[in-house]
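**Student:** Sequence:
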Amino acid sequence: MVNKFSEEKLKEIFLNLKIGIKALKTGMEFLESGVKKLEKKVLELTKEVKKVEIKVEKIEKEKEPEKIEILGKIYKRPLKEITFELSNKTLEKIYEKIHKEKPDLYTIPKRIEKRKLTKIEEEGILCTLCNLGPCEIIEDKEELKGICGLDASVVSAKNFARLVGEGTSLNLEHARKIAEIFKGIATEEIPLQIRDKRKLKLFAHSLGINLELPEEKILDEVAKKIFQMFSQQEGELILIQRAPQNLVEKWKKYKVIPRGIEREILELIYRTSMGVDHYYKNILLSAVRCSLSDGWGSSLIATELQDILFGTPKPVKSFVNIGEKVIFKDRVNVVVHGQDPMMADLLRKASLDSEIVELANKVGAKGINILGLCGTGNEILMRKGIPALGTFIHQEAVIATGAIEAIVLDGECVAPNIVQIANQFHTAIITTNPLSLIEGTIYVEFNKNYPLESAKEILKIAISKYKERKISEINIPDEAVEIVSGFSLEALMYIMGGRFRASLELLNENLINGKILGIAVITGGDHSGMKENVEIELTKELIANNVLVLTTGCSAIKLGMAGLLIQEAAKLAGEGLREVIEGIGCPPVLHMGSFVDNSRILLTLTEIINTGGLGKDICDLPIVVCIPQWISKKVISIGMYFSASGIQVVFGSDFPFIGSKKTTYFLFNEIEKYFGGAFRVASEASDFVSMVIDRIWQKRKELGIDKPKPRILYDMAMRRALDEKIYIPSIHKLGGLKRNDNNKN
Numbered sequence: 001m002v003n004k005f006s007e008e009k010l011k012e013i014f015l016n017l018k019i020g021i022k023a024l025k026t027g028m029e030f031l032e033s034g035v036k037k038l039e040k041k042v043l044e045l046t047k048e049v050k051k052v053e054i055k056v057e058k059i060e061k062e063k064e065p066e067k068i069e070i071l072g073k074i075y076k077r078p079l080k081e082i083t084f085e086l087s088n089k090t091l092e093k094i095y096e097k098i099h100k101e102k103p104d105l106y107t108i109p110k111r112i113e114k115r116k117l118t119k120i121e122e123e124g125i126l127c128t129l130c131n132l133g134p135c136e137i138i139e140d141k142e143e144l145k146g147i148c149g150l151d152a153s154v155v156s157a158k159n160f161a162r163l164v165g166e167g168t169s170l171n172l173e174h175a176r177k178i179a180e181i182f183k184g185i186a187t188e189e190i191p192l193q194i195r196d197k198r199k200l201k202l203f204a205h206s207l208g209i210n211l212e213l214p215e216e217k218i219l220d221e222v223a224k225k226i227f228q229m230f231s232q233q234e235g236e237l238i239l240i241q242r243a244p245q246n247l248v249e250k251w252k253k254y255k256v257i258p259r260g261i262e263r264e265i266l267e268l269i270y271r272t273s274m275g276v277d278h279y280y281k282n283i284l285l286s287a288v289r290c291s292l293s294d295g296w297g298s299s300l301i302a303t304e305l306q307d308i309l310f311g312t313p314k315p316v317k318s319f320v321n322i323g324e325k326v327i328f329k330d331r332v333n334v335v336v337h338g339q340d341p342m343m344a345d346l347l348r349k350a351s352l353d354s355e356i357v358e359l360a361n362k363v364g365a366k367g368i369n370i371l372g373l374c375g376t377g378n379e380i381l382m383r384k385g386i387p388a389l390g391t392f393i394h395q396e397a398v399i400a401t402g403a404i405e406a407i408v409l410d411g412e413c414v415a416p417n418i419v420q421i422a423n424q425f426h427t428a429i430i431t432t433n434p435l436s437l438i439e440g441t442i443y444v445e446f447n448k449n450y451p452l453e454s455a456k457e458i459l460k461i462a463i464s465k466y467k468e469r470k471i472s473e474i475n476i477p478d479e480a481v482e483i484v485s486g487f488s489l490e491a492l493m494y495i496m497g498g499r500f501r502a503s504l505e506l507l508n509e510n511l512i513n514g515k516i517l518g519i520a521v522i523t524g525g526d527h528s529g530m531k532e533n534v535e536i537e538l539t540k541e542l543i544a545n546n547v548l549v550l551t552t553g554c555s556a557i558k559l560g561m562a563g564l565l566i567q568e569a570a571k572l573a574g575e576g577l578r579e580v581i582e583g584i585g586c587p588p589v590l591h592m593g594s595f596v597d598n599s600r601i602l603l604t605l606t607e608i609i610n611t612g613g614l615g616k617d618i619c620d621l622p623i624v625v626c627i628p629q630w631i632s633k634k635v636i637s638i639g640m641y642f643s644a645s646g647i648q649v650v651f652g653s654d655f656p657f658i659g660s661k662k663t664t665y666f667l668f669n670e671i672e673k674y675f676g677g678a679f680r681v682a683s684e685a686s687d688f689v690s691m692v693i694d695r696i697w698q699k700r701k702e703l704g705i706d707k708p709k710p711r712i713l714y715d716m717a718m719r720r721a722l723d724e725k726i727y728i729p730s731i732h733k734l735g736g737l738k739r740n741d742n743n744k745n
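Numbering (our numbering), first residue to last: 1 to 745.
Fair warning: there could be bad hints in the mix.
Said to hold, decoys possible - In the BS3-like style, the derived pairs of lysine-lysine whose C-alpha atoms are separated by at most 27 Å in a straight line are:
id: 1; residue 1: Lys314; residue 2: Lys177
id: 2; residue 1: Lys281; residue 2: Lys329
id: 3; residue 1: Lys177; residue 2: Lys224
id: 4; residue 1: Lys100; residue 2: Lys110
id: 5; residue 1: Lys465; residue 2: Lys97
id: 6; residue 1: Lys349; residue 2: Lys456
id: 7; residue 1: Lys448; residue 2: Lys224
id: 8; residue 1: Lys571; residue 2: Lys317
id: 9; residue 1: Lys102; residue 2: Lys467
id: 10; residue 1: Lys97; residue 2: Lys110
id: 11; residue 1: Lys362; residue 2: Lys456
id: 12; residue 1: Lys183; residue 2: Lys217
id: 13; residue 1: Lys255; residue 2: Lys616
id: 14; residue 1: Lys314; residue 2: Lys325
id: 15; residue 1: Lys571; residue 2: Lys707
id: 16; residue 1: Lys22; residue 2: Lys37
id: 17; residue 1: Lys100; residue 2: Lys460
id: 18; residue 1: Lys633; residue 2: Lys110
id: 19; residue 1: Lys349; residue 2: Lys201
id: 20; residue 1: Lys470; residue 2: Lys97
id: 21; residue 1: Lys465; residue 2: Lys362
id: 22; residue 1: Lys467; residue 2: Lys325
id: 23; residue 1: Lys100; residue 2: Lys470
id: 24; residue 1: Lys366; residue 2: Lys224
id: 25; residue 1: Lys349; residue 2: Lys89
id: 26; residue 1: Lys366; residue 2: Lys255
id: 27; residue 1: Lys314; residue 2: Lys349
id: 28; residue 1: Lys93; residue 2: Lys329
id: 29; residue 1: Lys177; residue 2: Lys460
id: 30; residue 1: Lys673; residue 2: Lys633
id: 31; residue 1: Lys362; residue 2: Lys460
To be verified - Computed spacing ranges between beta-carbons, pair by pair:
id: 32; residue 1: Gly583; residue 2: Tyr279; range: 49 to 57 Å
id: 33; residue 1: Met274; residue 2: Gln193; range: 48 to 56 Å
id: 34; residue 1: Ile147; residue 2: Lys253; range: 20 to 28 Å
id: 35; residue 1: Val363; residue 2: Lys224; range: 41 to 49 Å
id: 36; residue 1: Leu266; residue 2: Phe30; range: 52 to 60 Å
id: 37; residue 1: His205; residue 2: Met716; range: 33 to 41 Å
id: 38; residue 1: Glu575; residue 2: Lys253; range: 19 to 27 Å
id: 39; residue 1: Lys616; residue 2: Lys255; range: 16 to 24 Å
Everything labelled a hint here was simulated from the structure, so no lab data went into it. Cβ coordinates follow ideal geometry from the N, Cα and C atoms, glycine included.
All chains, please: the whole structure from these sequences, using the hints.
**Tutor:** Below is the structure:
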């Protein structure tokens, strides 16, 4: 084959190609540079100068309100001694005996007798935010501002906001603990099963999770979403969308939608620290946002997860108060006290174990008897019908019966004085939460890999104490009272609508026609500063006026002790309310759970709105919340999120002392203009009743249901129009799910 090109010719061609490529490359670079310059010039020619609006706002010094339309002088300190009103005859009997037999033993009533209040001026408030003080501040006196210049409005707002923040943190930690158990079950780290799979799917649906996923994946996704809500730094809590849309829009308008639960608590503590936020209204709106992260965040998470893990409550008969029907002389009595239902559930299971039963029999006992106290008492009462012995102020008296082998503490609402009382008897005080230990107690670790073994270890300690009982010290007043509890939203819907058409339509119809005048929520703690009969008389008068009562927390146990949580109490109700509750077999006072279960009430009110005929927002409803007494700061957070959700909240005379007219006006008047709810204060039962009834009639008038309406005969066209507007409750929207027996296990 003959080569057409010589070697020199090939070199020349290659060189020319190389030069051409280089020139082409240079040309392309030049062209690209030119295009960029041209683009820049075009952009400069066509560019519109955008004006960025920077918000500049002068915060004017506000005048003090001339008139505050509330009952009592909330901004003045009531000068009174602490008293202990033993209107509960069970406590009277027990304390009388223990004080007589052990005169040197300091009980809660004795400590109150010996205690003197630090004298603060009638109008003064105390600021302890920095080391320059503490400063006693009196409104309108320049020389009595804080050393730094803080006035009463700022100090009072910070003090109140901190109560909200601390209360919210309690429910956050409760929710986190339950969420960790849920996560452990999801990852199979904790060998337990969930009880309510239907509720799991409903909750997952509200979190935007795909229900077509396998169950283990749904569990995992729910756990991730929950922990995300705890720690997220921006955006909105997804559970906020479960509130009525009109209410959500109000929250958006005033920028109080929580971003993340932990963030709102931390930010509130930061704002209320020395030298940070000095505008009372800004501080209080931050407290509103923090409280919403509780009611529509932590508490809602805790309630939903507890239902999923331990079963959604349904009506169950049981007992409350101390008595021989609940404390058995021939059994090992173990009381679970606190707020968390997990340990109580495990102890119940462990008490049936053959090994534990055999050990109990060996010491002469016929078995193990599990009982509840305070919040945990409410939780296991609602789900399992396990009797609740009492409230916060019953914990010493329970030990003094001389028949309790162990009190198991899971966290909150514990009076450390019970250790001193227990030392006078044979009772073991056992702590199970490493975050809440007490000197002089036994700590038993909750081993999440072997939870039942932890429960058995506790019961073994209790069994060993049975042998130390002294028959001469046993004092069990027979005061136990029968009650019906377990009224979750789901249970109410089944009771009122039937198994296949569960809804609150019956409730709405009877609110509209006036047979039920309105709804009152009675919640709160139990302490020595108010006569017990205020709550009881309030409830009796309300149901006599055809007001349906929903109750939670220690208040629920107290009302149960008064015999108001049984169907027979219908005889105390007004004619209209009695007709409705007798038709469905309910008491006039419905026990809806512990403190975190106030979130059930928020969802119930939302369901009433969605069912129709009673407005578009919670603030439209004829409802009032009453909090006659409180101990834990979580109750202040509860009151705040109820008012920020559009409900008037009436506290007893122990409402936190404010000491500022501006702050008082905001909490009692101005907040109502924003969200539809506000605070009020009453002292006597008659004051509470007047406020509740007046508010209910005000709301009925606004809804146009204050007068009977003429009967309308519907034709077919009108009936078709009604059918087109039928509301399908969320409980039915996941058709095809199998019904689950919550308490099967």
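**Student:** Between lysine 362 and lysine 456, is the straight-line Cα distance small enough, at 27 Å or below?
**Tutor:** 16 Å, holds
**Student:** Could you grab the alpha-carbon distance between lysine 255 and lysine 616 and see if it respects the 27 Å cut-off?
**Tutor:** Holds. Lysine 255 to lysine 616 sits at ~21 Å (cutoff 27 Å).
**Student:** Holds or violated: lysine 571 with lysine 317, Cα cutoff 27 Å?
**Tutor:** The given pair, whose Cα atoms are some 19 Å apart, holds under the 27 Å limit.
**Student:** Lysine 349 and lysine 456: Cα distance at most 27 Å?
**Tutor:** 9 Å, holds
**Student:** Is the Cα-Cα distance between lysine 314 and lysine 177 27 Å or less?
**Tutor:** OK: lysine 314 and lysine 177 at ~24 Å, within 27 Å.
**Student:** For a C-alpha distance cap of 27 Å, please report whether lysine 100 and lysine 470 respect it.
**Tutor:** 17 Å, holds
**Student:** Below or equal to 27 Å on CA atoms is what counts here, so check lysine 366 against lysine 255.
**Tutor:** 60 Å, violated
**Student:** With a cut-off of 27 Å on the C-alpha distance, tell me whether lysine 633 and lysine 110 pass.
**Tutor:** Holds. Lysine 633 to lysine 110 sits at ~24 Å (cutoff 27 Å).
**Student:** Is lysine 22 close enough to lysine 37, meaning Cα to Cα at most 27 Å?
**Tutor:** Holds: lysine 22 and lysine 37 sit about 23 Å apart, inside 27 Å.
**Student:** Taken at face value, is the distance from the CA of lysine 89 to the CA of lysine 349 at most 27 Å?
**Tutor:** 34 Å, violated
**Student:** Within 27 Å, alpha carbon to alpha carbon, are lysine 448 and lysine 224?
**Tutor:** 19 Å, holds
**Student:** Does the hinted range 52 to 60 Å hold for leucine 266 and phenylalanine 30 at CB?
**Tutor:** 58 Å, holds
Hint compliance for this structure: hints 2, 17, 24, 25, 26, 34, 38 are not met, and every other hint is.
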